[in-house]
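Novice: Single-letter residue listing:
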Amino acid sequence: MTNSLASVAKGLASAIFALLVLAFTAFGNQAQALDLGTVDVSHSSASLHSEYQVLGAGESHWLGLRIAPREGWHSYWKNYGDSGAAPLFYWTLPDGVSVGEPLYPIPHRMPIGPLMNYGYEEPSVLLLPLKIDETFSGNAIDFSVDVEWLVCEIECVPQDASWSGQLAVGDMEPSDAARGLFAAARAALPELPIWSASLSIYEAQSRLKVFLDEAEAPNLSEAYFFPAGEGITEYAAEQQWSLTDEGLFVDMKRTVGGLEAEGGEGVLLLSFADGSKRAVEIDAELQVQKAMADAGAETGMPVIEATLPLWQAIIFALLGGMVLNLMPCVFPVLSLKAFSFISANAKTASERRQEGWAYTLGIWISFMAIVAVLLIIKSGGAAIGWGFQLQEPAFVGSLVLLMVLVALSLSGMFNITVGVESAGQGLAAQSGNKGAFFQGVLAALVATPCTAPLMAPAIGFALTQSAPVVFLVFSLLAFGLALPLLALSYSTSLARMMPRPGPWMEKLKEALAFPMYLTAAWLLYVFNLQAGATATLALLVGIITAIFGVWVWQSFAGQVSRIVAVVLLAGALAGIIYQPFGGQGSAQTQSSSEIQAYSEQNLAQLLADEETVFAYFTAEWCITCKVNEQVALFTDDTQALFADRGIVMLKGDWTNRNAEIASLLADYGRAGVPLYLLFPKGSDEAVVLPEILTPGIIKDAIEQNT
Amino acid sequence: MVKKLIVGIAVTLAATFAIAAKPVNDQSAPGFTGVTMTGETISLADFRGQPVILEWTNHECPYVRKHYGSGNMQKTQRAVTEAGAIWISIISSAPGEQGFVGAEEAQRLTAERGVYADHVILDPEGEIGRLYEAKTTPHMFLIDQESVLKYQGAIDDKPSANPRSLEGATNHVLSAWAEFSAGEEIKTAQTKPYGCSVKYAQ
Chain G
438 MTNSLASVAK GLASAIFALL VLAFTAFGNQ AQALDLGTVD VSHSSASLHS EYQVLGAGES
498 HWLGLRIAPR EGWHSYWKNY GDSGAAPLFY WTLPDGVSVG EPLYPIPHRM PIGPLMNYGY
558 EEPSVLLLPL KIDETFSGNA IDFSVDVEWL VCEIECVPQD ASWSGQLAVG DMEPSDAARG
618 LFAAARAALP ELPIWSASLS IYEAQSRLKV FLDEAEAPNL SEAYFFPAGE GITEYAAEQQ
678 WSLTDEGLFV DMKRTVGGLE AEGGEGVLLL SFADGSKRAV EIDAELQVQK AMADAGAETG
738 MPVIEATLPL WQAIIFALLG GMVLNLMPCV FPVLSLKAFS FISANAKTAS ERRQEGWAYT
798 LGIWISFMAI VAVLLIIKSG GAAIGWGFQL QEPAFVGSLV LLMVLVALSL SGMFNITVGV
858 ESAGQGLAAQ SGNKGAFFQG VLAALVATPC TAPLMAPAIG FALTQSAPVV FLVFSLLAFG
918 LALPLLALSY STSLARMMPR PGPWMEKLKE ALAFPMYLTA AWLLYVFNLQ AGATATLALL
978 VGIITAIFGV WVWQSFAGQV SRIVAVVLLA GALAGIIYQP FGGQGSAQTQ SSSEIQAYSE
1038 QNLAQLLADE ETVFAYFTAE WCITCKVNEQ VALFTDDTQA LFADRGIVML KGDWTNRNAE
1098 IASLLADYGR AGVPLYLLFP KGSDEAVVLP EILTPGIIKD AIEQNT
Chain E
259 MVKKLIVGIA VTLAATFAIA AKPVNDQSAP GFTGVTMTGE TISLADFRGQ PVILEWTNHE
319 CPYVRKHYGS GNMQKTQRAV TEAGAIWISI ISSAPGEQGF VGAEEAQRLT AERGVYADHV
379 ILDPEGEIGR LYEAKTTPHM FLIDQESVLK YQGAIDDKPS ANPRSLEGAT NHVLSAWAEF
439 SAGEEIKTAQ TKPYGCSVKY AQ
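Chains G and E, in that order, are what the protein sequence lines are.
Converting from the first sequence to my numbering requires adding 437 to each position, the first position being numbered 1.
Converting from the second sequence to my numbering requires adding 258 to each position, the first position being numbered 1.
Hints may contain errors.
The calculated lysine-lysine pairs, modelled on BS3-like cross-linking and capped at a C-alpha distance of 27 Å, are [stated by the list, open to error]: (1) G:LYS944 x G:LYS1063; (2) E:LYS416 x G:LYS515; (3) G:LYS690 x E:LYS333; (4) E:LYS416 x G:LYS1136; (5) G:LYS1136 x E:LYS445; (6) G:LYS944 x G:LYS871.
These aren't lab readings, by the way, just hints derived from the structure by calculation.
This is chain G alone, in the form it adopts within the complex (with noise of 0.2 Å):
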């Protein structure tokens, strides 16, 4: 009886010990149970502590550091962020025993002017463990312990304590004093990793993308990854998150050319609408997309298509509409509006206006006509990407015919009245609402192929979306290239400094046919290998006839030659369209012996036989693929390197349609080429180069990856 009550009455003390203990823990600095020894500092105070009285030799134990930083001063996590240090521990310690990396409580975010520390603003206890060999035979540990961490609160004062003394070992003896110490620093730790991982590394972004149910976190309010290593996210940038049913996302900024990744550890904190909140360790597979390329910063945006913020998809598509307006396929159409442009002091400030708007709607509507065309191919199962009207010879031989009557048209040979206006000699008939509307049309076809960097995401994107979406994103694509001239329109002070128009008109009019007919010569080309030399002579002789139609329409007056001129020209267009001798092209036979052309098969096969293989796709109406491939892809340094090396190089051309070429650029989130992969020796993970290639970036991948 008396044993019973005094055993309570013990359990009681104890416990309310521990209580007290608990509440120095979380308010008091100075009022700590002296363990190992309490320092005060001059900006905090410390105190080491022992789990255990007794320690058991061939056991592993747990020291606890506790650091309390004076008011408004913080002290720092392993990770310290921009600035700061995490404290260092110099132990002396006999033989057999050892001292580990320290536990720490979970960061909390300190955001300093534009830099980011993680830290804690308040007392913390980093949990040490300590190991003793089996074979240590004294009754004792001397040790002796030099620690160095750092408070700050804008200033930073390095602090410097000591501990020194003995650590009975013997038969285990747990000290009740720091029970509830030891276990309030459980209790801040996050908790150990129970969601798989994995952390991919762009150019100027990575992404980490946890294996965890959406049930597993109801009420998400925020998610932020503290990584515990470097390279991996710009502190002070703001994380994006997104929980969908692949897992939850959380996207972070990367400073470009910025220290490697080593690691993808970390804590991941999921704050909830309840105000509770989760930390949960992270052990993520690193996976490092790109080439560690010093060149091409500018176009490492990786394509991210289920979970880029519909918001980004809309401003990347308007910005690389803007950007398209620089592209070189669009600029011989932007000769022409610009030449409008020039006459635009001969109209009042609402016809501009009109014009401008007529402008917008021509290219609105094309894109919404490719993107109808595209999403009914699409649903009919067909594998095909952006450019894909490219892909068929029969739209680039009526391009070619475009091409030729506008050039010619601005050649001085007829005037083309587009539409039917009153067909009104000059300058004005060209640049009408009408008018106007089909420059729109037109820059809105032959922009297609110019597939800038800064589009793909959002075309990536949008393809793997709903058609409303699509809709809207490709709308604001269309109005993004629409942009520049519709702002002018506006701009009446812009209209006034324009030159009085004169005879030189004429003449500058006639030099912007030049870019035309380049056009029409690239086309030409195209063309020529997707359909072969034979139909290359029917386009040629159909282009001919459109010509002598609209020939016979100008020069004779008359019913009857109106129609010969009307059946010419649809003739013509009829021939280019139908085809009767299109053929196989030349694009499929081109390769060179030593390039081998791309196949799923082919390539798992060289990947079999472990070899470092450079798989390149590209297309002849892709001008990035040509310039690369020619200023970095087949120049002899590079072709040596390969050699030298023994990369197999596999093409894949996607001139024509081809549905594995298109599964492929899905898989890597593309809708279109270039595409270039290095797939090290003995991997299957490719390493993904940029969109822009120098020799520079070519070797680096190489050399970082073979």
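Knowing the structure of chain G, use the given hints to seat chain E on it.
Specialist: Quick look at chain E alone, frame taken from chain G:
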């Protein structure tokens, strides 16, 4: 209204195309112009043809004090400046913040501590600091004769404020300098800087 629209578009386009000058190794170092403690206006471009070392500093920061108090920073400065490099110390502390000094104070500190820096730039607006994304004091950069950035990061591999830590520390700036002068590739070309945060205006 129209003007605003045009300006807006121009800015957006410029932002799209501007290759943002960022401190990236093996790329051109961001160009800057600053006023030194002697009232001289200097630019990075003035030193084309000579290697340049940039050092972010704050004389009150304990980590900086470790390197100056022990003579380690002066030793490093002397070694590279005698070998032909230009050493520029930059103070990006905002007025009222720790480490902010006027021209006279900067000159006094330089004389008192026996500093071998060729120039000390006062950057109270933090412009150069932000341009280089300088995060800590010290934070070091090595720029070659062609204005290409070759090293950025910590001065050494011991993130401690204790002078004891200098013993056995690897001085990243000196080792990068040695490899650079020998025409070799710099093995450790980027490290995480440690120390006090740069005291930018809040």
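Novice: Each hint: holds or not?
Specialist: Hints versus structure:
Among the hinted pairs, G:LYS944 with G:LYS1063 is inconsistent with the structure: their alpha-carbon atoms are about 33 Å apart, more than 27 Å. Restraint check: the Cα-Cα separation between E:LYS416 and G:LYS515 comes to about 14 Å, which is no more than 27 Å; the hinted pair holds. For a cut-off of 27 Å, the pair hint linking G:LYS690 to E:LYS333 is broken: about 38 Å separates their Cα positions. Between E:LYS416 and G:LYS1136, the direct Cα distance comes to roughly 34 Å. Violation of the 27 Å bound is thereby established for this hinted pair.
With a CA separation close to 18 Å, the supplied pair G:LYS1136 and E:LYS445 stays within the 27 Å bound. In summary, the hint linking G:LYS944 to G:LYS871 is supported, as the alpha carbons are separated by about 24 Å, within the 27 Å threshold.
Checked against the numbered hints above, the structure violates hints 1, 3, 4; every other hint is satisfied.
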